[in-house]
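**Q** Protein chains in written order, with this note's numbering: chain A, 1 to 212; chain X, 213 to 519; chain Z, 520 to 1173.
Honestly, the hints are just simulated from the structure, not real lab data.
Coverage of chain Z stretches by chain X, computed from C-beta distances (three or more under 8 Å per stretch; other residues unrestricted):
| # | region |
| --- | --- |
| 1 | 904-915 |
| 2 | 1039-1046 |
Partial list, derived from the structure: chain X residues whose beta carbon lies under 7 Å from chain A:
| # | residue |
| --- | --- |
| 3 | ALA389 |
| 4 | PRO500 |
| 5 | GLN501 |
| 6 | VAL504 |
| 7 | GLY505 |
| 8 | ALA508 |
| 9 | LEU511 |
| 10 | ILE515 |
| 11 | ARG519 |
Glycine residues also receive a C-beta, built at the ideal position from the N, C-alpha and C atoms.
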Amino acid sequence: MRTTAELLLLLVVLTDLAVLGTSRLRTCIRAVAAQGLLLGLLPLALASQVTVHIAGLAAGTVLVKAVVLPWFLLWAIREAAVRREVEPVVGFIASLLLGALALALAFAIAGRLPASDVREPLLIPAALATVMMGLIVLTTRRKALTQVVGYLMLENGIYLFGLTQTESVPFLLEVGVLLDIFAGVFIMGIVVFHINREFDSLDSARLSELKD
Amino acid sequence: MIRAHVGSSLAALAVLFAIAPALSGVVVRTKSAFAGRRGAPVGQLYRDLFKLLRKGTVYSTTTTWVFRAAPVVVLASLTAACLLLPLDGEASLVQFSGDLIAFAGLLALGRFALVLAGLDTGSSFEGMGASREVTVSSFAEPVLFLGFLGLVLATRGLTLSAMLGPALTGAWAHQTASLALVTLAFFVLLLAENSRVPVDDPATHLELTMIHEVIVLDHSGPDLAVILYASALKLALFAALIVEVTVPRDGLGLAWSLAAFVGGLLVVAVAVGVVESVMARLRLNRVPQLIVGAGALALFGLILLLR
Amino acid sequence: MTFVVWSAALLLASGAFGALFRPRAALADAAFRAGTLVAAIAGSVPAVRVLRGVPVADVMLPAPVPGGPWVFGLDAVSAVFLLAILWVGAAAAWSGVAALRGHVAPGAARASHAFVGALLAAMVAVVTARAAVPFLIAWETMAIASYATIVLDHARADVRRAGMLYLVATHVGTLALFGLFALWGAGAGDLTFASLAAHPPGGVVRGAALVAALVGFGMKAGMVPLHFWLPEAHAAAPSHVSAILSGVVIKLGVYGLVRVTLLQGAPPAWWGWTLLAAGVASGVLGVVWALAQHDVKRLLAFHSVENVGIILLGLGAGSLGVTYAHPAVAVLGFAAAALHTLNHALFKALLFLGAGGVAHAAGTRELDRLGAAARAMPVTAGAFLVGAAAIVGLPPLNGFLSEWLTVRALLHAGLSAASLRLAVLAVAVLGLIGALALACFAKVVGTVFLGRPRDPAARVTHESGIGETLPLVALAAACAAVGLTPAVVLPAILRAGAEGAGVSLAAIWPGGVDPAAAPITLFVLAVAGLGGVAWASRALLRTRVARGAHETWGCGYAVVGGRAQYTASSFAAPVLASYARVAGVHANRTAGAFATHAGDPVLDAVVTPAWHAVERVARSTRPLQRGRVWLYLMYLVAALAATLGYLLLAGRAR
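Using the sequences and the accompanying hints, generate a full structural model.
**A** Listed below in C-alpha cells is the structure:
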C-alpha cells in the first residue's frame, strides 16, 4: 500500500462487498455510510495540496453521503417499520460470487481503458467495481430501500469516476454531489413512500400488481 | 529439498505440540475474563487428556474398524501437516513444489476419517454432525486455496517454506493490502475449520446445535484423548499459519524466533476468545455466507496481485 | 508394436472364442480371463518400454481404401492410455465373468464377453492408430461394442432408453469427428496423422475443425454440457461394463482431445482456455450433481464427469503452456492429465466393481436403503474405502499425486507473465471440487458400508466370491502402489508430458530430473509411516486399558434402529442447499411423505425438449413414406437427377 488514497479505495471496495454479503438492512446502510465517508476523504488524499475548494468538497460529500442520506434511510426504516432483513432474489452467496466476478471484470476492463488515471491506478477499477456492484444490488434485492442503497452505490461509483476529471472539469463533482444524488434520492424517497402508502409494503416486486 | 539442519525445525515442532492444548485453555480464559469469571486453569486440557488416557474405552457394537482407525488417522495426518509448515520461521522439514495441496490434502484426510467414524456409529446425531462438517469444509477448502494462492503470487514461492519465508517480509512492504486480506481470510478459516464461534459453539450442550462435538460423541477413553488432542493441534496449526503469515522471524535466532512464535500463537488464541465473547453463533444456513465472504476477501487480494 | 497387435488380437479372440465355439461355460470363462490377462501383460511390455524412453517403430499397412496408408504407432501418451485400457479391461473381465455367471443366460454372458473383448481390442486400436481412417473405424467399432455391452439387460425399458440415448449421442459425436477429419484433411495430402500435423488448417477452417473435435471427443469424454448420456448409460450397464466405460471408454474422448492438441503444434489460445473452462464446468457441476444422486452407480457416473473435468484442467494448462511457450506449464499440465487419466481408470473401475458387488448382494442400488455392508463384506469395503480416498485426492494415494501435478502446472502458470497467469484461479476450483468430492464419498462409504442396515430387505449377508474380490484388491493395491512410488511414476509420466509439449525435460530442470520427485516420495512414505506408527502405538496403548462394548449412545433418545439414521439424501442436503437450482434436485412434498428426485438439469431442460422438437420436425416428413416401391424408386431417380444437375451447373460455373 503506497498511498492513503489506495487504502481508501480498497476500503471502498470492501464496503461494496459488505453490502453484498450482509443480510441486515442496517449493516447495509452503515456500509454505504462508511463508503460515503471514504469518498469524502478521497479528494483530500488525492490532492497534491489541500485548497479551500477541495476541503469544502470533502466536507460536503461527507455531510451528504455519510451523514444525511444514511440518517434519512435509517429514519425511513423506523418510520415505515420495514423488516430488518435484506430480501435478496439470488441469495447472498450468489451475489457475493457475482460481486467477485464484477471485481475481476472491473480490473480487467480498467487495464484496457485508454484514459487510465496515472495518479492513482486503483481509482478506475474501484469506480467500475462500485458501479457494477451497485447495479447488482439494484437488480437482485427486493426491497425498495435496498434499491436506494444500490442506487447510492451506483452514484458513488460515478463520483469516483468524477475524481479522475477534477483537474480538467473543476466543478464536475460538486454538480454531481448536489444535483444527481439529491435528485436521485428524493425521487427514490418519494417512491418509497408512495409504495408504502399504496400497498402497505416497501416490496417493489409488488409494483407488478399495478398492471391490472 | 530436505534440510541439513533439522534441529530448529524439530524444536519448533516440539513447542507446537507441547503448547497446543494450552491454546484452548487461553481461549477459555479470555472468554471467562469477558464474562467476569475466573474460568478453568489454562492447563485444564492437559489434565483431561491424562485422565482420559488412563480410562477404558467403550466401543459401540455398531462400529467397525473404521471407527477405531479414525483417531489414529486424524492425529497422524495433522502431524504430517505440521511437518509441511516452516515452524521455525525459516524452512520446513519436508518441502516440495506445490506442497500447499499436500497440506490441504492432509487436513482433508483427517476430516474424512472423522466423518466416516461418525457415520460408523449409525447414530442420527453423529450423521448430522458429519453432514455439517463436510458442508462447512466444502466452503472452507476453496478459501484456503485462495489464501495460499495469494501467498504464492505475493512471494513468487512454490513451496510453503518459500511462501512463508523471508520473501514474505518483502512482500508485506509492497502487497500489504493483499496480504492483510489473506490474513483475514485465514482467521475466518481458523474459526470455521476448528468449529469455533460464530460457526459452531464448542461450549454448547445441545447435540442438535453441534458440529464437531457431536461427531465424536461415541469416542471414549484414549480414543477421545487422541481426538481432543488432535483438535487442539488443529487449532494450533491454523494459529501457527496465521503467525507465519503475519510475524516475520527470519534472522532472529532460534530462541527469539520461538519466543515470537509462542507469543504470536497466544495472541491468536486471545483473538479467538475475544471473537467468541463478542459474537453470537450464526444460524447454520448463514455459515456458508460468512465463509464465502472470507473467500471474496481472499479473491479480492488475489485480483490485486494479478492485475 | 508386435506385442500390441498380439494383445489386441488376443482380446478379440478370447472374447469371441466362447461365442463362436460354444464350449462349456467354465472353459469359455477361463479362456476369457486368461486371454485378457495375457493380453494385458503382452501389451504392457511395449507400453512400459516407451514410458522408459525406448521408442517403438510405427507399423504401416498399405491402404485398401482412400485416405492414405494405415499407420499404427505407440508413443508415451498412447502408452499411458494403453496401460489403462489393458489392466482395467483385465480386472473388469475377471470380475465380469464372476458377476455374470449364474445371473444371466449362458448365451447372453458369452455374447457379452465377446463384445467386451471386441470393445477392448477396438480401444487398443484407437489409441495406436496414426491415421484418420483406421482411427474412425476403431472408434465406431468401440461405440457399437459399448452399446452392445450396455444393453445386456435389454428386457428393462430404462436400459433400452439409456442404450438409445447413448447410441444417439455417440453418433452425433462420430459425425462431428467426420467433420473434423474432413475439414482438417482437405489441405493435407492424405489422412495419416503425420501429414495432418504437417498441414494444420488455418483461420476459420481450423476453428471449425476444433469445434468439431470439441463436440466429438467432448461428447465421448462426458464433458459438460455434453455429458447427458453418460449417467444413464453407466447406470444401466452391468457393473463390470460400467467400470470399463467409466474407467477407459470415456478417457478415449480425452485421448482424442490430447491428440488434436498435439496435432496442432501450437494450439490457439482459445483452445486452451476453452478446455480449462470446460474442466471447471465439468469438475464443479459433475460433483454437485453426483452429490444429489440416490443411485450409487449414477453417482459414480457423475463422478466420472467430475474427474474428466480435473483431467481437462491439466490438459487445458498443458495446451496453454504450449501456446504461451512456457515449457514447465506445458509438461506438468500434460503429465497431470495423463496421470489422472490412468489413476481415474484404476480407482473408478475399483469403485464401480465394488458398488456392483454390493448392489448384487443387496439387490438394490438405492443409497437410502443400504447400510452396514462392511460387516458382511470386509474385503469389498476395505478396497472401496481405498478407492474412495483415492478419488477424493487424499494423500498418500494416487489421486493425490495427479491433483498435485495439476496444481503445480497451474501454479507455474500463475507465476508466468501475460494472461496465462489467470489460469492460477483454477487451483481454487480444484479445492472446491476436492472438498465436494470428499463430502460425496463420505456419504457413499458412510451410507453403504457403515452404520446399520436401513432396509431389512436390502441387508447384505455375504461377501462376493473370490472372482470379484480379487480384482478389487488388485486395483486397490495398484492405487496405493502408484500413490506411494512417485519416484518411479513421475519420471515416466513427465516423459509423456514432455513428449506432448514437444520439449525436453532438461529444458525445465537441470539434468531433466524433477527436483520435487524425491521429497514428494519422502512425503507420501512419511504419511504412510506416520499412520503405521500411530496405529502401532495405539495397539500398545490398547493392551493397558479395559474395553467394553455397548450400543451407540443415542443422546438420551431410544434409538429406533437403522431407519433413524441419517440417510444419504439428508447428508447431502445442506451442501446442496447452497447450489439451489443448479443441483437439479426436485422435491415432492405431500401430506404424508417427502421425496426428492435427482435429475440431470441438462438432460431434463435441454436435451429432452430438443429431442422432442426434432421428433416434431421428423413427423412432418412422414407423408414422404408411402410404403410403395415405385415411389421410393422415384425418390432415387429424383435425387440422382438433382445431383447430376448440380454437377452440370457447378461444372459450367467453373
